[in-house]
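Asker: Use these hints to put chain B onto chain A, whose structure you have.
Protein chains: 2
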Amino acid sequence: MIEIGSGIKKIIIMGTDGRGPEMGADYRYRQLESWLLQGIEEQRWRLGERLPSIRTLCQEHSLSKATVQHALQRLEAQGLVEARPKSGYFVALQPNAVKKPVSRSRIEAPRPVSVNELLLDIMGRSAAFDLLPDLHAGDLPPSIVALNRSIGRALRRQKGDDYQYYDAPAGDIGLREQLSLHSARRGWAVPPDQLCVTSGCQHALFLALMACCERGDVVAVESPGFYGVLQLLEQLELRVVEVPTSVETGMDIEALEEVLERWKVKACIVSPAFATPGGALMPSESKSRLLALAERHDLAVIEDDIYADTALGSAPDPLKAMDRDDRVILCSSFSKSLSRDLRLGWVSGARWHDRILRLKLVTQLASSRYLQQGVADYMADGSFASHLRRQRNELRERRDRLIASLQAWSTGLRVSVPLGGLAVWVELPTSFDTLASYPKALEEGVVITPGPLFSVSGQFRNCLRISYAHPWDARRTAALNRLPELFVQL
Amino acid sequence: MIEIGSGIKKIIIMGTDGRGPEMGADYRYRQLESWLLQGIEEQRWRLGERLPSIRTLCQEHSLSKATVQHALQRLEAQGLVEARPKSGYFVALQPNAVKKPVSRSRIEAPRPVSVNELLLDIMGRSAAFDLLPDLHAGDLPPSIVALNRSIGRALRRQKGDDYQYYDAPAGDIGLREQLSLHSARRGWAVPPDQLCVTSGCQHALFLALMACCERGDVVAVESPGFYGVLQLLEQLELRVVEVPTSVETGMDIEALEEVLERWKVKACIVSPAFATPGGALMPSESKSRLLALAERHDLAVIEDDIYADTALGSAPDPLKAMDRDDRVILCSSFSKSLSRDLRLGWVSGARWHDRILRLKLVTQLASSRYLQQGVADYMADGSFASHLRRQRNELRERRDRLIASLQAWSTGLRVSVPLGGLAVWVELPTSFDTLASYPKALEEGVVITPGPLFSVSGQFRNCLRISYAHPWDARRTAALNRLPELFVQL
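Residue numbers (full-length UniProt numbering), protein chains in the order written: chain A, 1 to 490; chain B, 1 to 490.
Since the hints were derived computationally from the structure, they do not count as laboratory data.
Certain hints may be false.
Claimed, not checked - Cut-off 20 Å, straight-line C-alpha distance, at most; resulting in silico cross-link-like pairs (SDA-like, lysine to any residue):
id	chain 1	residue 1	chain 2	residue 2
1	B	Lys159	A	Arg125
2	A	Lys440	A	Leu490
3	B	Lys159	A	Glu394
4	A	Lys159	B	Lys266
Pulled out of the complex, with its shape left as it was, chain A reads as follows (with noise of 0.2 Å):
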């Protein structure tokens, strides 16, 4: 064995091969050590469940705290346990050790799209996001607070006749500035007059399908994929060719190169950071060849970039920072970061930008500037960045816990493990129907979005996206795990 890099290396080298100079000298961390690994493997403590504290295990075990804690990090370091401030040691989630969805969208022929009149009853609910949407638990948090602080205060600062001017079309020069500095930090350095501030995300998604395609052209996108993306391209009357997407690594760029030398594209919407429904994370040579891709074919590239300020780590820099052809068009918006009740996105046009600007000004004149002004505020002082960093480790958080509880179920399941987003994808076993099991769990008060809703063509029925965009309290977590017995089998 050989000793390198920093301390905790040093710990993790050793902990793999088990041996190393302490070993004979103090043994006794090592005990512990074991003694915790098999409570693990035994599932005595389950995934995202909390180990006994520090404290208990000194007096369980009459170790000294020095001990105990050395016991821990090495835990830590080998990604087995997780420390988190204040609370205590967690037993982490294990990506490797969970199983994966494997299902895969087949290559069909592009076709009009017809969306299920079931999104319509869940998004008329508000519950795209929540399995319990009348429950709107938990205390607004301060972050929050602060926000709608700024708010009112850009309210207040109103002076003179400013309430009867519209706002530029492009947005607030102050907004676009902050966004501009939020997008140099992920490596894409935008100029603000290249950015056009929007009422979300669907409406930047719209704005840029508007610009780039005509009625009847082909649009690849994601499969399974966004059904916002599909309910646009159908009242756009654009037809949709789905393109295999996995669930962990994003698009399939040679099932897409097969779908554009097959068939002629015009637009291919993808979401390199963190796709809905499973969280894919696409890897930067996908990325790489998927821009080449649209440079041979003349594809316009619709990037939707609004889950990456969701990631657990740090943000992938954006498929638009790799851009040299102008031909990538970037949709984003502050309602999965902050909050949906801004009604806030934007959207960088590329080669289309005056065309898009043109269409926000023709379809809503202009934005709210006294509300562009108190986010961007809230942006200029810090706020919005610390507010992403105390939401990551929530978000991690509810992520393990929700990956824990599904892991207990009894039905046995894939499920993603996203590194960003705000929920995972289910694959239950093939006899399972999750669209026949939205009324039979509706009629409890839970509402559950089904695998079909992801795609066009009836896919996906043993499949199901679950959110943990909200804190699993007790009536959340009850429903969540009320589900088996609500699902319908065939």
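Answerer: For chain B alone, coordinates are given in the frame of chain A:
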């Protein structure tokens, strides 16, 4: 002379023929009345100007206060002067003494729309309603301070994870209930479930056109008419047929009938209440005939009702109130009556309502709930109604001052005298070219809206719209008075 009617009426009748029982007994007030009348005729006090105060008149004419008041009240009863609370008596506008615009558009075959680029320049300057958009003068009026407070309270009232949910696509029920009550006062008792909240009237018009038309369809519009509609038709690739429109009585229904007989028209967009650019008010009889034509030709009627609440008197009933056949889509917003920065409007979509709801959902998901709740509170506590009352007096004064200034121009002109809306339509002698005048005025920081913007056929080059949305402070008045020297003549 026959004495009939009320006291006021009696006085008017006496004033008209110059005789009466009081004549011999007390004619001192008649002497003052004649002296004031002569002064108005000789323009010693011009239209919109203040007459000497009661106190001054008492002193200079050695008259009692009662006698002076009597004389002024007689002039007021004749509509020659106007009493303004706490301000005194002003020379009133005599609509019949103003020369009205006469130029009419021609009926031409349906055509695609190509909107003048100039319009984008004007919109980019937020200048469609202001000669001096950089001025931003005046104080924030108390009613807007109250509005902002109401919105701020709604923000602070957010609880739990409210901010994590999208609002229902139709909008907040509290706001829709208030809108329903507001409409009921105008003779249109719309149930809240027939209203959908939008991001302003332009967004409502966009949804309406998307819902009832397909690319290539022919849409009949007012000419001169609202440029925003022309922009929409251009972007949606609809064809336009312009219907000659009077700036006093609105769309010429006989011309519309001719149009409908010659071409297949899918929809007709009208503003019965104070159509821009001239503020035309459509008579009830025309409304009935329009609806009968719509039924006969199976037409969708899109009613742009945005100016209703800018009525100088009481707001007329909407066309929608007479809609027995579920084919009038009403579109409106708070932008002209309350604040352009709210970005809140509404649509009632008749037989197309479900499709409009779906389009709203798909293109924008939802509106901000806190904002809608803030505005609903503002309406519920009577603040909106009292704002409208206060604004009505301001707008009348601004309109009168504008027309008075225009009447003093040496160019010679005709001008509309609207009973609502925010602008007048000015027709200069035909040697003038307002389109060519635009860049010249812009050099001086003055933004005009030339007549050709209100049509697709390049007509109305000698016309322009001038708004009275903003107060006539010294700088804006100076800009207005400089216009004649900035106009280019052919």
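Asker: Kindly indicate which numbered hints from before are broken by the structure, ordering the numbers from low to high.
Answerer: 4
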